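A.B. asks: Sequence:
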Amino acid sequence: MNRNVGSGRGITRGMIPLLALHAVNEYYRLPIKPPVTAGLIVANTLIYLRPGILHTLLPSIDQVWFNPRLIVRDRDLKRFFLSAFYHLGESHLVFNMMSLLWKGIQLETSMGSIEFASMVAALLAMSQGTTLLLAKTLFLFDYEQAFKNEYSVGFSGVLFAMKVVLNSQSDNYTNVYGLMVPAGHAAWAELILIQMFVPNVSFLGHLGGILAGIIYLRLKRSY
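Numbering (full-length UniProt numbering), first residue to last: 1 to 223.
Treat each hint with caution, since some may be false.
What the hints assert, rightly or not - Subject to a maximum C-alpha distance of 27 Å in a straight line, what follows is the list of computed DSSO-like cross-link-like pairs (lysine-lysine): (1) K78 / K33; (2) K148 / K33; (3) K33 / K103.
Unchecked claim - Pairwise CB distance ranges, derived in the manner of DEER restraints: (4) G14 / W102: 15 to 25 Å; (5) K148 / Y28: 44 to 54 Å; (6) N175 / H22: 13 to 23 Å.
What the hints contain is simulated information worked out from the structure, not anything from laboratory work. Since this is a predicted model, take the numbers as computed values, not measurements. Glycine is no exception: its CB is placed at the ideal position from the N, C-alpha and C atoms.
Build the full structure now, drawing on both the sequences and the hints.
C.D. replies: This is the structure we're talking about:
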């Protein structure tokens, strides 16, 4: 999500306790509790809340914005990787973590925790790298906005990649914000719908996630 969307960081609206209750309820019902999914949700939430010593240990959000120009110029791996784990506000965090909970439970249960963890790591690197490459390509064609002026954070790029992987396992139709679409096209439909209704989100970040998911599946099938 771009930095000009939402400004609720630090304002508690009670959404995080609801996320915790929902996550605990979902885990309680599962015969096997997926630990990697739980760890990712806890990590993202702690990074957002920054309790105790974490407030001084963790870099500020201004130090981790995903900005292609700064990443390339400074070779800033901190921005490249950590930006995915930061969120602008409580609603941004909770929306992404609810999505992670749903996708993570299904994928980790079917793949196993070790393979799931390695997949998430790969999708993180690939989605961030693809987004960077897209922005650099646009810059070469004299479109500077995405390369110089876009600042984004959030786990949504990885979530779009996970959605591609998850939907590749189904030939059925799925519901995307009230529309029934083939599962294989769900990520593309969500990309368009989100951009229509929330135009300031990071289109390149979401697109990079989808492309990362496609690349991951093709690489996996070739080995």
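A.B. asks: Are the hints correct? Go through all of them and say.
C.D. replies: Here is what the structure says about each hint:
1. K78 / K33: Violated: K78 and K33 sit about 31 Å apart, past 27 Å.
2. K148 / K33: At roughly 42 Å apart (the allowed maximum being 27 Å), K33 and K148 break the hint.
3. K33 / K103: holds (14 Å)
4. G14 / W102: 15 to 25 Å: The hint (15 to 25 Å, Cβ to Cβ) holds, given that G14 and W102 are roughly 21 Å apart.
5. K148 / Y28: 44 to 54 Å: Distance hint for K148, Y28 holds at roughly 47 Å.
6. N175 / H22: 13 to 23 Å: holds (19 Å)
Violated hints, listed in ascending order, are 1, 2; each of the other numbered hints is respected by the structure.
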